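Visitor: Each chain is listed here by its residues.
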Amino acid sequence: MATGQSESGLCRRLASVVRVQRLGSLTWLVLFVPGWPGAKPGQFAMLQSERSRCFLARPFSVADQLEEQVSFLIAPVGEASRELCGSRTGEKVWVLGPLGNGFDLEAVTKDAQRIVLIGGGVGIAPFPLVLRNMRGAATERPLEVLVLLGFRDLAQSQAARLVRAAFDLSSRERIKGQVLAVREDDHRRRGVMVSDLARAHMRPGDRLLACGPLSMCRALWEMCRSIRDVKAWFSLESTMACGVGACHGCVITRVDGSFAQVCRQGPVFRGEEVFGG
Amino acid sequence: MVSLAVDLAGLKLDHPLINASGTMDLFALAESVGQEVLERPPVAAYVLKTVTLRPRVGNPPPRIVETACGVVNAIGLPNVGIEVFIREELPRALELACPIIVSIGGESAEEYAEVTCQLARAVAQLSGSEWTSRVGLELNISCPNVTRGGMAIGSDPAETSRVVASVRKVWAGVLIAKLTPNVTDIAAIGKAAVEAGANVICAVNTYKALVMDRSSLRPYLGNVTGGLSGPAIKPLALRAIYDLYAAVEVPIIGMGGIASVQDVLEFISCGATAVAVGSALFREPYLPRVLAQELAVFLDQRRLTLEQLTGFAHRSV
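Respectively, the protein sequence lines represent chains A and B. Under the working numbering, the first residue of the first sequence is numbered 1, with each subsequent residue one higher. Under the working numbering, the first residue of the second sequence is numbered 1, with each subsequent residue one higher.
Excised from the complex, chain A in its bound form (with noise of 0.2 angstroms):
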């Protein structure tokens, strides 16, 4: 997967806003990125706003993708996110990437009994894209999908319309399954997470991709353990500088004491390799 390099001589590309739309407290960033290579499920972009009042760009990943149209799925968590939820329609984003490794679909869908996608809050971010793929890598057998989402509250859960919007548009074609979402504040279902409907879901031979807050990834591979012939993939998140493997600063602890580069050796990786066999 190649990025080249712009016209400008630079690495990094300056895309167009094409769209803001607010989904609750989160916003989907349409962009119009010349050159875009194309990304992998699970790939990101390091973006930051032309105007920035930061110094360094941010990692998002990368929520779907048409041609040279590429979205993402932004909180505003800080200062440089907040500028990248406030952009205006033909407002200039730089875009570094697709960097990381993504989802190996290939092998996450060979001998799938069911593929599960699990997402919490802005974690749902990468499954547009995914379940764009999975279409096209459902060709020989249909695919079985179940999608759960898990929001804080009412304002985050608006996003599961993106999910439900792919899915809907995968489901006609050759892929089957549901999509089912909690949110923290639902006061009929007090205190249900996203794990929970996990534990009562998940079955032997499921494959799980799953991208969210740690506490909940932790979650779900101590669960995953307990289940029969159950892999798991994660997509994790640091902070981080670069995001090409130059400054060794996103780093996460692995099971070995090791420490793998998020934005290099990751952001995906497998359960057993971060939080334990």
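Simulated from the structure, these hints should not be mistaken for lab results. Among the clues, some could well be false.
Each pair of labels, with its calculated beta carbon distance range [as the list claims (entries may be wrong)]:
| hint | chain 1 | residue 1 | chain 2 | residue 2 | range |
| --- | --- | --- | --- | --- | --- |
| 1 | B | G81 | A | R189 | 51 to 59 angstroms |
| 2 | B | Q262 | A | R51 | 12 to 20 angstroms |
| 3 | A | V255 | B | V84 | 35 to 43 angstroms |
In this text the structure is predicted, and so the values were computed from the model without any measurement. Where is the CB? At the ideal position from N, CA and C, for every residue including glycine.
We have chain A; now place chain B onto it with these hints.
Guide: Relative to the frame of chain A, chain B by itself:
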């Protein structure tokens, strides 16, 4: 077009723009952007990440954080150790289309000398007889994020002198001393390094710093303290280059917050022969090449040569 070629005590660069050690990994970058970056590196010389005698895993995370106009890091020199470095990383680096500068670290003069001995043997084996114009050695005696060695050496003139002299005995090529700015008088350290045999001075490494976690009000970084880089330190770094230029005769590699061609001009005017981009590479890996092009345009427009600009701030008008 004006010539941008510079000579760092025998190390021949096409232009003055290089990277700071630890801020660029061309081989990791190639995994994302493709192999072209290895055939046409965006720097006039590629400075590798510091290597030490034994492998190091580095500091516990979190390791890096953005602050006002800068970055604070406490990476802690993770590396594979000189043996694996020579076997796996040096050969491919020597095949790059530009000169390389190998950065080494250590805890004592003996350790620096041992690493250098192994490196010198390997370079002589792998390269032809002309290697001294293509391979430089940088002594990282200025890392603020290790418990032994590093900055402890570079903040003491006698220790600096001891380390540089011990390496000078076993290294025939260009020897660069990378200095810490966390000292009262950086010029005195620079002089000690040059008198002991360094033929290039590189300054500055990061400023020792501390970042607090906003909510817990405890130190944020796993290593507690870190080193500050980026535009925040530019005026401090310019002062260091200015003082060093007045104190030593050897070429200076200037760095500290360089992010634009204006920054490049200011460092060269203060006395830098070459300049390194560090933190700004994190947002744009090809910045050195772009800045070199902009430097050429500036010099052409003003009908200036690089020599005329170098140290210009020190001359009366």
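Visitor: Please go over all the hints and tell whether each is borne out by the structure.
Guide: Here's how the hints hold up against the structure:
Distance hint for B/G81 and A/R189: a CB-CB separation of about 54 angstroms, consistent with the stated range 51 to 59 angstroms. For the pair B/Q262 and A/R51, the supplied restraint of 12 to 20 angstroms holds, since their beta-carbon distance comes to about 18 angstroms. For A/V255 paired with B/V84, a C-beta distance near 22 angstroms fails the hint of 35 to 43 angstroms.
Checked against the numbered hints given earlier, the structure breaks only hint 3 and satisfies all the rest.
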